[in-house]
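Per the working numbering, residue 26 is the first one in the sequence shown, and the count goes up by one each step.
Possibly wrong hints are sitting among the right ones.
[What the hints assert, rightly or not] Quick list of in silico lysine to aspartate or glutamate cross-link-like pairs, DMTMM-like style, CA-CA up to 20 Å:
| hint | residue 1 | residue 2 |
| --- | --- | --- |
| 1 | K330 | E264 |
| 2 | K436 | E394 |
| 3 | K352 | E368 |
| 4 | K352 | E338 |
| 5 | K330 | D448 |
| 6 | K144 | D120 |
| 7 | K144 | D173 |
| 8 | K27 | D120 |
| 9 | K245 | D173 |
Hints in this document: simulated from the structure, not taken from any laboratory.
These numbers come from a predicted model, not from an experiment.
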Amino acid sequence: MKVTIYGSGYVGLVTGACLAQVGNDVLCVDVDPGKIDRLNKGESPIYEPGLSDMLVANQAAGRLKFTLSPEEGVAHGLFQFIAVGTPPDEDGSADLQHVLAVARSIGENISDYRIIVNKSTVPVGTADRVRAQVRETLEKRGTAADFDVVSNPEFLKEGAAIDDFMRPDRVIIGTDNPRTTELLRALYTPFNRNHERIVAMDIRSAELTKYAANSLLATKISFMNELSNIAERLGANIEQVRVGIGADPRIGYQFIYPGAGYGGSCFPKDVRALEHTALANDYTPELLHAVEAVNFRQKQKLFEKISAHYNGELTGKTFALWGLAFKPNTDDMREASSRVLMEALWEQGAKVRAFDPEAGEETARIYGERDDLTLCDSPESALEGADALAVITEWNMFRSPDFEHIRASLKSPVIFDGRNLYDPEFLSKQGFTYYSIGRAVARP
């Protein structure tokens, strides 16, 4: 099938590459000349395991192409996927200007039947706005064309997006026309072979499903972080509590790991957007507000522990930071806990020596050259000359380090662990002062 995808960011690239991988003819449209130039050279602008190889292979096979031309895009595909960004506005609502700009482009160029697929995470009612925008543009042209608008939200985890798309646990299709439902079923047939994964529903329910899923997962994380703060005050071990409650199949172990707060492009934005939607419809979502408030507070925890350990005297100190991305297997720094920690340390006159296996370039892009930030090329080099180590992202390479080398490299054997990677008793015996989340401080 012929598919056009507007937006060559995270969602658009993964969607395009995976649809091309199973034999579809995919054209990706973007407004950024630099990005299109890189993609046409076989370079991925984002880091996602397996994505670069898939892009190169499908470009070589002629199934995946990139263009700046919306005219080419509209002419190419029966399916017109909108996968552009919906960044949060100042009031927390989703900014739909890019989505509606694509809708205008489709309206300006459409002549035959097209299925417009909202893949971006958008508020309930966006399909209606897209439909209205296309119709308005067609009226200005003084022409008519047949089209449908559907909702097909993505459920991709950064770091595992290829597998999530190729082996989905569900494919949500929101339509108001049985014809489009069956056409989308046909498009997703290669991903739906060993058991039924397609869940068809009305458009507004599909739009809400995406926000509901992300908000529920964020709620689990904030609940565990809230519980970790209570555990610290009660002398309990939150990791033992986690195992105890996770054994209940009604709860399970996923998304109940305490830590330094969630980040990324999805959870923070989607919780705020759903809260805004509720308020705009005369409902006060107290739980959603609390989820975001707990997460905001949790991102301060590691700095609070550092400041307390040094009695607030951080000027002139240097901290090694392991991990910059908001989670492992990505270079995404959006709303990352590392940013909160670094900025708080800098404000108090401290310096940072940081290492991340993928997010170094993105960190340099965000912060530029500054005297109080050194981006290192290995975990070991980040330790050199540091007063203490802070662990903020749970990359596998940080899980079993050489503690003797860490102790020898640091000015004092102190570790602040925002992801509970290490055993407090073991580190105590190794001569470390060890701070973690929801557990007592371990001392030599």
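Name the hints, by number, that the structure is in violation of.
When the structure is compared with the hints, numbers 2, 4, 8 and 9 turn out to be violated.
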